[in-house]
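Enquirer: Given next are the chains, with one letter for each unit.
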Amino acid sequence: MSELTLSAPAPLPVRTRRWRPVLWLSLLVLATVLGWALAPGLFSSIDPLHAMPAHALQPPSAAHWFGTDHLGRDLYSRTVHGASLSLRATTLAVLIALLVGGAIGLVCGYFSGRVDSLLMRLVEVLMAIPSLLLAMAVITVLGFGTLNIALAVGLSSVATFIRLTRGEVLRWRASTFVEAALSCGVGHWAIIARHILPHAAGPVLALAALEFGGAVLAVSALSFLGFGAPPPQPEWGLLIAEGRNFMVAAWWYTTLPGLVVAAVVLAANQIARALQKSWGDNR
Amino acid sequence: MSSTVDYPRLRPLLTRLGQALFVLWAAFTLSFLILYALPSDPVTIMLSQSGEISAADQAQVEALRARYHLDQPLPVQYAIALWQAVQLDLGQSIQSGQAVTQSLLQSLPGTAALAGAALLLAIPVGVGVALLASLVRNPRGQEALLALPSLAVSLPTFWVGLLLLQALSFRLHVFPAMGNQGLASLVLPALTLAIPTAAVIAQVLSRSIANVLRQPFVSALRSKGVGPVRLLFGHVLHNAAIPLLTLAGGIIGNLLAGAVVTETVFSRDGIGRLAQGAVASQDIPVVQGVVLLAALIYILINLLVDLLYPLLDPRIDLRKTP
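Taken in order, these protein sequences are the chains called S and X.
Anchor point for the first sequence: position 8 equals 8 in UniProt numbering, and the numbering is continuous, going up by one each time.
Anchor point for the second sequence: position 95 equals 95 in UniProt numbering, and the numbering is continuous, going up by one each time.
Chain X with its partners taken away, still in its complex shape:
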């Protein structure tokens, strides 16, 4: 009926969008300050990387400076970089000369598949361990189940990857050792990446279930004769899921960070390998691109989570929170 836009519903959404844009801008500024304003000379780094540093190259140094706008004062450099970033231009890789946005887009599918597969493994395992721990009566059994996640977060990811590689690729030849080809090459890296992720999910969820179980409504339901399984799945779980949702941005961000190690161990192409190579060759524009991509993903996930909260818990109203 009404053709007018529903303003009270739309306004909180716009506020959230504004906040998200602000954080993105701040992340750009911060990464710019770290990478360009610290006392180091990007041009010298570039030339020393290609091994061409010598006094005779003065003209070349000047040309490079002009090309990357490094002959300008810092605020001007910043303004140019920001204006280009708004147009989705993050500059060119020093190493390959390719546009940074293009190499990010090329690497993204490999990492997305890896992170997605890791999440598909980690969510059922992490949630399963937390649920099982809350259903087990025996305190020793419960303690043992809850010790699993704290053991898993203590293992170095690269070491777990190497162990899996050694046992399942080199000895038993079950899975290929490296590369991006096919589903089989995805199994070991995804498993490596899933272990710490599942551990974090299990830790957060079991703590949160324990908190919900202490609330009065649970005693009320129990006294009405609701069984433990129905209580858990029908009443406790969706309340306990909220802290997990709050941490979703961090969990996904850590998947991206974990991909740096995992993709290096398994020689897979992706954002993580791109980041590792960029740091190794001090390719500043690419490093900034990866950092910004990570921040963008974190921000988008948190935006999504903010919009999902009211569906899980009707008490949370976007309009009422500032």
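Next comes chain S alone, as it looks inside the complex:
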């Protein structure tokens, strides 16, 4: 036991020049999935909605990379074509959280006052409700569909963005150069645009990158629960949900599309971590 020493992981190792295979692999995964979303026809020539009952539940092969589903549709093609809907929902969710949360946080942090303290109380309350349940409450009212899932996931993470943006803005609001600009008679909005936003943007954008992986998970979980697109549509969470009834006969049905979702989330989180290292810690 005396061989052991306690060691803290090196404090944020600076390895800017090192070849990082994991990061490149992550970028490759995201680029591929983005390609699927933008031009699915380039990656799969098979129609994702074309049913061939004679070919139902075939295991993965050279003709059908991910096998086929219970109607004989090609699962690889369905996963490729599902990328568009899933990624659009995810992107919309992150944009809503970033823009709404960022704007509220910015105004709260800059013009701190009674509205600010009231809103911070609201954020505290929002933090008390798990974000998946909050998203489910929003879906209850808005109804089902991928767009509504995106809205709900976005709104449920607004509080996190308000907190971070407000903290960053408060920090730079107190700096000497902002005080100097104010005393020179520069207007508030000019100060925000020129002096505060450039500094506060890094950590907030890094959070948005981190939120992307979380949003992929939330969107797919909600559509898995059955609140998303109606069945003929290929969508990742729904695809996996459809495979539930055929788990005994067809292991590939749920496993392979799920593997794609996991790979995308993992890749997004790796890239977010790298961004956080370069943008997040600029104090």
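Simulated from the structure, these hints should not be mistaken for laboratory data.
What you are looking at is a predicted structure, and each value in this text was computed from that prediction instead of being measured.
It is possible that part of the hints are untrue.
Said to hold, decoys possible - Cut-off 20 Å, straight-line C-alpha distance, at most; resulting in silico cross-link-like pairs (SDA-like, lysine to any residue):
1) S:Lys277 / X:Val136
2) S:Lys277 / X:Pro139
3) S:Lys277 / X:Asn211
We have chain S; now place chain X onto it with these hints.
Expert: Below, chain X alone, put in the same frame as chain S:
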């Protein structure tokens, strides 16, 4: 000796209780605003669910409106709902007509067992990974150990559940695939729910141990010849546990959210399944009940944690913090 109440000790407790009640009230108001004030008509949703929507049902619509007080202006609706909630009456389920508090109480034991079992698995694993990572000397080994949690949080919970189900229930027949019967049916759902929880615990704790290890008192103890294991367990761990305690409310809350997915995958009865069904049938009172229960649990855990802090770190004094 003294029969008088110890006011300086009691006052911070009362302040905390007051804050907790305020957050609970605010959570009620927020969920009411989301569910009732947004531009949608609960009565139409109810009727379209039961497939009875037609022009001839005007009388029925009015009856339903009156029954759920929806014919009143919003502030009056809110006042009625709040007054009933204070008396622990959260209304009736639109779907089954059962009182919401009653169905919550019926579903609670199943979810409590699941969440408890998941915590029992997640705490030793998460703490173990964090401790091991701080004891391993080899930087590559350390990196590999710390990569485990970030891998685990990236896996979709429902997918992990389905994989476990496929491998251990359908192929190897080790565990039953669904239901609430017996301990064996608890293993797979608890394992599914424990994976992301253990990952969060490991991430927070390893970061916090690293922070404590950088403090001067650690170098002082090292120079006095305290060994690494004694240093970790005798001096570092209880200091490093504080951030974990701060996040306890969020971790338990996420267990409840994770139960929605896990209970659906394994067809277990519980709060999560209740929530899933309520959203699927747009049963607004039940959805509000689940949201309020989650907020209540979060608030209670945080209250408990606030009271535990001074035991872990004597520097934290409830009386001195506002």
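Enquirer: A separate judgement is required for each hint: does it hold in the structure or not?
Expert: Evaluation of the provided hints:
no. : hint                : verdict
1   : S:Lys277 / X:Val136 : violated (24 Å)
2   : S:Lys277 / X:Pro139 : holds (19 Å)
3   : S:Lys277 / X:Asn211 : holds (17 Å)
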